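Colleague: Each chain, letter by letter, is given below.
Number of protein chains: 2
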Amino acid sequence: MNYFTHLNCPKCSSTYEKEKPVNLCKCGSPLLAEYDLEKARNFVKESLQGRENNMWRYRELLPVVDTENIISLGEGFTPIFPFQSLGRELGLRNLFCKDEGLNPTGSFKARGAAAGISRVLELGIKEIAMPTAGNAGGAWASYGARAGIKTHIAMPLDAPEITKTECAVAGAEVYLVRGNIADAGKIIGEGAKKYGWFEVSTLKEPYRIEGKKTMGFEIFEQMKWDPPDYIFYPTGGGVGIIGIWKAIKEMEQIGWIEGEKKPKMVAVQAEGCAPIVKAWETGKEFADPWEDPHTLAAGIRVPRALGDFLVLQALRESGGAALAVSDEDILGAMEKTARSEGMFICPEGAANIAALEKMVARGQINPEDRVLLLNTGAGIKYAEVLKYGFPVLEKTARL
Amino acid sequence: MNYFTHLNCPKCSSTYEKEKPVNLCKCGSPLLAEYDLEKARNFVKESLQGRENNMWRYRELLPVVDTENIISLGEGFTPIFPFQSLGRELGLRNLFCKDEGLNPTGSFKARGAAAGISRVLELGIKEIAMPTAGNAGGAWASYGARAGIKTHIAMPLDAPEITKTECAVAGAEVYLVRGNIADAGKIIGEGAKKYGWFEVSTLKEPYRIEGKKTMGFEIFEQMKWDPPDYIFYPTGGGVGIIGIWKAIKEMEQIGWIEGEKKPKMVAVQAEGCAPIVKAWETGKEFADPWEDPHTLAAGIRVPRALGDFLVLQALRESGGAALAVSDEDILGAMEKTARSEGMFICPEGAANIAALEKMVARGQINPEDRVLLLNTGAGIKYAEVLKYGFPVLEKTARL
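As they're listed, the protein sequences go chains A and B. Letter by letter, the first sequence follows residues -13 to 385 in the numbering used here. Letter by letter, the second sequence follows residues -13 to 385 in the numbering used here.
It is worth saying that the hints were derived from the structure and are not from the lab. Misleading hints may appear alongside valid ones.
Said to hold, decoys possible - Here are the simulated DSSO-like cross-link-like pairs (lysine-lysine), alpha carbons at most 27 Å apart as the crow flies:
(1) B/LYS373 to A/LYS373
(2) B/LYS172 to A/LYS381
(3) B/LYS172 to A/LYS112
Said to hold, decoys possible - Which chain A residues stay away from chain B? Per the calculated CB distances, all over 10 Å, these:
(4) ILE173
(5) ASP215
(6) ASP278
Here the structure is a predicted model, which means the values were calculated and not measured. Think of the CB as a built atom: it goes at the ideal place given N, C-alpha and C, for glycine as much as any other residue.
Can you build the whole structure from these sequences, using the hints too?
Modeller: Quick look at the structure:
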């Protein structure tokens, strides 16, 4: 049973049938997958028990019509565990982290790629193209390889080295661009027009977000339907925040949650690239493109997000917040988290910790608040941002 | 309920109580944890349903007495999935891979570290030391940090760069050694004597193997008690192969499996460091140390394994095999697996693929045989062994 019905434009309400490949709405907005949520009330949450430990446990609310088309490497259902030491240090009694670094390809991008590539296969598309800050490319190249889909990927020259190798080993065509992800996007866009590649850039195809939304289902299910007061999310393209908020609305409509207080969504950006924060602070509905974006957290170095208005809408509707942190604080938080919690988180995940510290210091978060941090990827993919020196010993040395 | 009773020497049958820290037996052999397997028959396999999706679902048969001492980052219960493309290419209808790269710290070493560090905490030890090829250090440093244990780690100068950073970011003291893991081990051994650090080198403490053995429980449970005919395992210290075989024997004794045919264990090594293969081929009970070990697969560059006789015993008892493959074949298998299955496996995991190809070519594995490959870690941690060149585009370029 699958309840996916069609695609809908959140801006102009145009609809599109699900049987044909489509990128953006004719009005330029991203499209969202819609489900028959009335019928989906038959998909009761009790039926989740005993299902596979990956995101396909929610397949009824995912856009893949024929389960034969599912391309999976075991993505999703990542653990949530307590951050007791960090919580103590911050005076928070209930601090949790969901570790998306335990996904295939080492980041939450695996969810989007699994949903997206499964649909690419289902729709009969043979060749895809995308710009990436690094992790998304690694994920789409890997899932693409598993599905037998040819992948073209452009990334900034200074994207993490590992992600370049990750794309290449999977057989993707990789182009490095002297510029940022928006520059890479332009090159890919023109290439796609010229060669007929299907563009799978962030929100330029409607299914990546469906994979990401499973984080929302999981947070509720894994926390036994007693969700956190805050969800901190490092925001680049913002697909995760849009996806989680979409999941929460769908869960309300199918009766999985009823009248419960919903988590406040907190969008975290870097001071060197904070278009969403700026729009939030000035009360705008859309974000202005950020000039000269820079931050070592490659995944949130996104000067312009197609889904900016959807992110800002999720923040408003949830009563959330948006704030930016410095690269220095990000590096400090990576080390602090590894030393106190044993978890080597990515710079984007570390931005959450730095932001949380700020909000606690300002009295915006209270000791009894339940806070969930999303670590979007494995720190090992970004080891190059940390520099350590080590003593070198001869093999006859003694300590 | 926990059935751990004491430690036993598999060589001279001496026993040791579980309340005190101990390294090797007085006879020099590694020690093994023993359980009251008669009583453990009350631990029926049906009770596993609905338990946590990590290795602690088998806590009754793990050595941590008080669950309060469990240090977890979500390790274990990694997915097993079909390798259909590779299987087709090799003419195998039932080829599977268990992806241990989805463990915290990106390798199966997380299992051993979780069990080992939990026991270190339980026994009140404050400071530990170990040599490592890379991944084990990353795992023990991380779990150690989470438990508040100080960690000293020595590794070969040419260990993967990421694993060095991984240890350092977690606050471990890291020493690089101009030599191999055995040389690093000597330096650590002397340091431990001098400073009173507790040595947690491979099999020098008895609990790492208990964490590793959960791979055996999982293979049976996840394959619905219909195990594969062959399990391929890249063999350095050999703890995994010993652990999986120990798990199989324990499952027999507590009635989880009865008279089923057991998997044949296949130990895979590199041609540049193959002490177990040499011992196997010459019918020896112990392996001679390997002179001048070299292979790009750092995790199996182990010239001498304390548990050599236990590995060889598992191969004999299971009717298995041991064989070595070249670095060239390892690199080829990494690429082939990424391109056909979308999985970036580690060089050690790739050695399995190369070995399987050999056995198929020799007619030792048949089309209907069910084969499980253990990918022991994430390829992203070894990205440096692959070298790709990429076109660099100006941001105004067109494809």
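Colleague: Each of the hints needs a verdict: does it hold here or not?
Modeller: Tested hints:
1. Between B/LYS373 and A/LYS373, the direct Cα distance comes to roughly 22 Å. Compliance with the 27 Å bound is thereby established for this hinted pair.
2. Of the pairs offered as hints, the one joining B/LYS172 and A/LYS381 holds, with about 8 Å between alpha carbons and a cut-off of 27 Å not exceeded.
3. Our distance criterion of 27 Å between C-alpha atoms is broken by B/LYS172 and A/LYS112, whose separation comes to about 55 Å.
4. With a minimum CB-CB distance of about 6 Å to chain B, A/ILE173 fails to clear the 10 Å threshold, and the non-interface call is violated.
5. No beta-carbon of chain B comes within 10 Å of the beta-carbon of A/ASP215; the shortest separation is about 23 Å.
6. The beta carbon of A/ASP278 is kept farther than 10 Å from every beta carbon of chain B, the shortest such distance being approximately 13 Å.
The structure fails hints 3, 4 (numbered hints given earlier, in ascending order).
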